[in-house]
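S.K.: Listed here are the chains, written in short residue letters.
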Amino acid sequence: MVTDAVDQARLTVEGMTLAFGKRVVQRDLSFSVQPGSIFAVMGESGCGKSTVLKALIGLITPTAGRRVVAGENYDAAAPARRREIGRDFGVLFQNGALWSSLTVAENVALPLQMFTSLRPSAIDALVRVKLALVGLAPVGDRMPAELSGGMRKRAGLARALALDPGCLFLDEPSAGLDPITAKRMDDLILELRDGLGATIVIVSHELPSLFAICDDGIFLDAKTHSAIAHGAPRDLRDGCDHPTVRAFMTRALPPTEVLQENGHGGL
Amino acid sequence: MSEQPASSPVWRIEANADTYVLHLTGDWLSVALGADQGTVDAVASALVGLPGATVRTDAIGRWDTGLIVYLLQLRAAVAQGFVLDDTALSKPVARLLRLAEVGLAAPSPPMARPTVGWLARLGWVAIRGGREAIAVSDLLGSTLLRTGVGLTGRSQTRRGDVIALMRDAGAGALAIVAVVNFLVGGILAFVGAVQLERFGAEIFVANLVGVAVVREMAAIMTAIVLAGRTGGAYAAEIAAMQGAEEIDALAVLGVSIQDYLILPRVVALSTMMPLLYVYGCAFGLLGGLLVAVLTLDLSATSFVNQLIASVNADQFWIGLSKSVVFGLLIALAGCRLGLKAGRSASDVGRAATAAVVAGIVGVIAVDAVFALCANALGI
Chain A
0 MVTDAVDQAR LTVEGMTLAF GKRVVQRDLS FSVQPGSIFA VMGESGCGKS TVLKALIGLI
60 TPTAGRRVVA GENYDAAAPA RRREIGRDFG VLFQNGALWS SLTVAENVAL PLQMFTSLRP
120 SAIDALVRVK LALVGLAPVG DRMPAELSGG MRKRAGLARA LALDPGCLFL DEPSAGLDPI
180 TAKRMDDLIL ELRDGLGATI VIVSHELPSL FAICDDGIFL DAKTHSAIAH GAPRDLRDGC
240 DHPTVRAFMT RALPPTEVLQ ENGHGGL
Chain B
0 MSEQPASSPV WRIEANADTY VLHLTGDWLS VALGADQGTV DAVASALVGL PGATVRTDAI
60 GRWDTGLIVY LLQLRAAVAQ GFVLDDTALS KPVARLLRLA EVGLAAPSPP MARPTVGWLA
120 RLGWVAIRGG REAIAVSDLL GSTLLRTGVG LTGRSQTRRG DVIALMRDAG AGALAIVAVV
180 NFLVGGILAF VGAVQLERFG AEIFVANLVG VAVVREMAAI MTAIVLAGRT GGAYAAEIAA
240 MQGAEEIDAL AVLGVSIQDY LILPRVVALS TMMPLLYVYG CAFGLLGGLL VAVLTLDLSA
300 TSFVNQLIAS VNADQFWIGL SKSVVFGLLI ALAGCRLGLK AGRSASDVGR AATAAVVAGI
360 VGVIAVDAVF ALCANALGI
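Taken in sequence, the protein lines are chains A and B.
Numbered per numbering that gives the first Met the number 0, the first sequence spans residues 0 to 266.
Numbered per numbering that gives the first Met the number 0, the second sequence spans residues 0 to 378.
Bound-form chain A, shown alone (with noise of 0.2 Å):
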């Protein structure tokens, strides 16, 4: 049964469970994305974030749960309508992900010949705007090896947005780059998020893009394998009590890590 909140929700998750055989990632993720919001999957380094994120672009099967776009149930829905749903997502992967052998132009038209009948006049139309929105214009008939890291992931962005996604999902978007162009990459996220008006899922661990952008979110724990926390960042950094979720928003050690510190130096 979906219920309406559910229904009003661009994405829902429900008692999802991620597992690699005996391996539990992350435990009973339960959370739901509203339309136009940017949603943040927070958590230390490798406490399942990118897991979250490719069981969400349905990459990975959940063991157990279920996962639901605009009120329709994915984990019920035939593979051909499963490739339907994925194609209204845009997919930023952490290194950008671009098809070497391809330019930039052609990494970004790519989608829109595959998945649509326009004119190559139209498509070329199209990835000019695409990268001109990323800030990519002049460098669209360059190879993806020639760029630096920050035009890499614009490039990346460029063509998660190439379909017209409703639904964007960002792995690490500003991770690895210099804090102006991490800046610029947040301004940006924003711009499109106001100007198409698309639901965003961000997974970073950068402290001031997610107070910068994001409007909720969800805390993943490694230690527990499941979420400790749920709401915006800045709100979790102002109001959590949690020592982990205090330890991450603060920059800070935990406390148990400080105590062994003091007493005999850590190792």
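These are calculated hints, taken from the structure and not from any lab test.
In this text the structure is predicted, and so the values were computed from the model without any measurement.
Glycine included, C-beta positions come from ideal geometry on N, C-alpha and C.
Hints should not be assumed to be uniformly reliable.
[What the hints assert, rightly or not] So these bits of chain B aren't anywhere near chain A, every CB distance computed over 10 Å:
| id | residue |
| --- | --- |
| 1 | Val9 |
| 2 | Leu46 |
| 3 | Pro50 |
| 4 | Thr53 |
| 5 | Phe81 |
| 6 | Val115 |
| 7 | Trp117 |
| 8 | Val124 |
| 9 | Arg228 |
| 10 | Ile307 |
| 11 | Gln314 |
| 12 | Leu371 |
| 13 | Ala375 |
| 14 | Leu376 |
| 15 | Gly377 |
[Claimed, not checked] DEER-style ranges, computed between Cβ atoms:
| id | chain 1 | residue 1 | chain 2 | residue 2 | range |
| --- | --- | --- | --- | --- | --- |
| 16 | A | Asp237 | B | Arg166 | 57 to 63 Å |
| 17 | A | Ser44 | B | Asp40 | 52 to 58 Å |
| 18 | A | Gly14 | B | Ala243 | 35 to 41 Å |
| 19 | B | Glu100 | A | Ala79 | 36 to 42 Å |
| 20 | A | Asp140 | B | Gly159 | 44 to 50 Å |
| 21 | A | Ser225 | B | Val101 | 42 to 48 Å |
| 22 | B | Glu100 | A | Asp140 | 19 to 25 Å |
| 23 | B | Glu100 | A | Arg233 | 55 to 61 Å |
| 24 | A | Ser44 | B | Asp167 | 32 to 38 Å |
| 25 | A | Gly85 | B | Val360 | 44 to 50 Å |
| 26 | B | Ala163 | A | Thr223 | 39 to 45 Å |
| 27 | A | Ala96 | B | Ile175 | 33 to 39 Å |
Following the hints, put chain B in place on chain A, whose structure we already have.
M.R.: Frame of chain A; chain B shown alone:
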């Protein structure tokens, strides 16, 4: 998901006194807009003769970046001096349009790809060829020198690596080398039998199979198998390491690429190749024997006796020395092409292909050189 079919884009021009308003309603999606350029042309021609117009999107349905493309095209299509006022656009559209305009206005960096004439291109080919020859000689020379150092145990080569590579290249290839050589030996016997039978000289099939297998085919077929199996793998592995900055990490540590990567591979292949050659010989001769006995009126004993009489030690040494050189060549080609590769996924594929091609062509060419030398020496 919003699955209702897209309605078509609708536009109308409204005149109030001397100002004009272009209203956009309906769905303005890239799927619909891209399909016909007509809308842009129709609106542009309807606007001809007007001093300017304000675009309004208050009652617009669904829209995406297609609308932005459309607005940009419309602006480009209307005549000079016409003012297309976009200040009344709804906020999201205006934001996106501005973002696109800023992006499109960014200056293009000069492209570092000037057109080159054929003479200059020929020159570059020659220069690159020369440089490549120097690099290959350098690689060959330093590998030989480092082998000397390696034998004294003072190089950075790790014994475990060498043994693992030997196992992969040698033991791992046993099955395929056996099959290929067995079949080639058999084929030679078949072909020889048909021809020699006409002269009643069936026994000479043993000569044919023996000399061909021991002197040429075992070495060449084994080398071709290893060029495809191992040479390509070396190139792909080293090229992928290049892409993942693993080579840089070794270089920073001061680990010699020569000792750590190239020498173990060269040693592994040039020691395994002669062993595989001997093994391949055995299977080639066995294949020949089997076919000869089965198709001709020959006993196994007479075949073996004839074989022993016809194949002398010289034939064997030629084949064996060739196989060492082939191993060296395939390993060096794989390593060199892997190190030379670029850093992308397609570069890895290209490096592997190039290594296999270079290995096979190189093996055949070196074999021809051997044949010429042996001929001149009268062996």
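S.K.: Now tell me if each hint is right for this structure.
M.R.: For each hint, the structure was consulted:
1. Val9: The claim holds: B:Val9 sits with its nearest Cβ about 19 Å from chain A, beyond 10 Å.
2. Leu46: Holds, because the least Cβ-Cβ distance between B:Leu46 and chain A comes to about 20 Å, which exceeds 10 Å.
3. Pro50: holds, 27 Å
4. Thr53: Since the minimum Cβ distance to chain A is about 20 Å, B:Thr53 lies beyond 10 Å and the statement holds.
5. Phe81: Given that every Cβ of chain A is farther than 10 Å from that of B:Phe81, nearest at about 21 Å, it holds.
6. Val115: holds, 17 Å
7. Trp117: holds, 23 Å
8. Val124: holds, 22 Å
9. Arg228: Given a closest Cβ separation of 25 Å, the condition holds.
10. Ile307: holds, 56 Å
11. Gln314: With a cut-off of 10 Å, B:Gln314 remains clear of chain A, as the shortest Cβ separation is near 47 Å.
12. Leu371: Non-interface label on B:Leu371 holds, nearest chain A Cβ at 41 Å vs cutoff 10 Å.
13. Ala375: At about 47 Å from chain A, B:Ala375 clears the 10 Å cut-off, so the statement holds.
14. Leu376: holds, 49 Å
15. Gly377: Per Cβ check, B:Gly377 is outside 10 Å of chain A; nearest 53 Å; holds.
16. A:Asp237 <-> B:Arg166: 57 to 63 Å: Cβ of A:Asp237 to Cβ of B:Arg166: about 60 Å, so the range 57 to 63 Å holds.
17. A:Ser44 <-> B:Asp40: 52 to 58 Å: With a Cβ separation near 54 Å, A:Ser44 and B:Asp40 satisfy 52 to 58 Å, so the hint holds.
18. A:Gly14 <-> B:Ala243: 35 to 41 Å: holds, 38 Å
19. B:Glu100 <-> A:Ala79: 36 to 42 Å: About 39 Å separates the Cβ atoms of B:Glu100 and A:Ala79, which means 36 to 42 Å holds.
20. A:Asp140 <-> B:Gly159: 44 to 50 Å: Holds, at about 47 Å.
21. A:Ser225 <-> B:Val101: 42 to 48 Å: holds, 44 Å
22. B:Glu100 <-> A:Asp140: 19 to 25 Å: At 21 Å between Cβs, range holds.
23. B:Glu100 <-> A:Arg233: 55 to 61 Å: violated, 32 Å
24. A:Ser44 <-> B:Asp167: 32 to 38 Å: holds, 34 Å
25. A:Gly85 <-> B:Val360: 44 to 50 Å: holds, 45 Å
26. B:Ala163 <-> A:Thr223: 39 to 45 Å: Because 40 Å falls inside the window, the suggested range holds.
27. A:Ala96 <-> B:Ile175: 33 to 39 Å: holds, 35 Å
When held up to the earlier numbered hints, the structure conflicts with hint 23 and nothing else.
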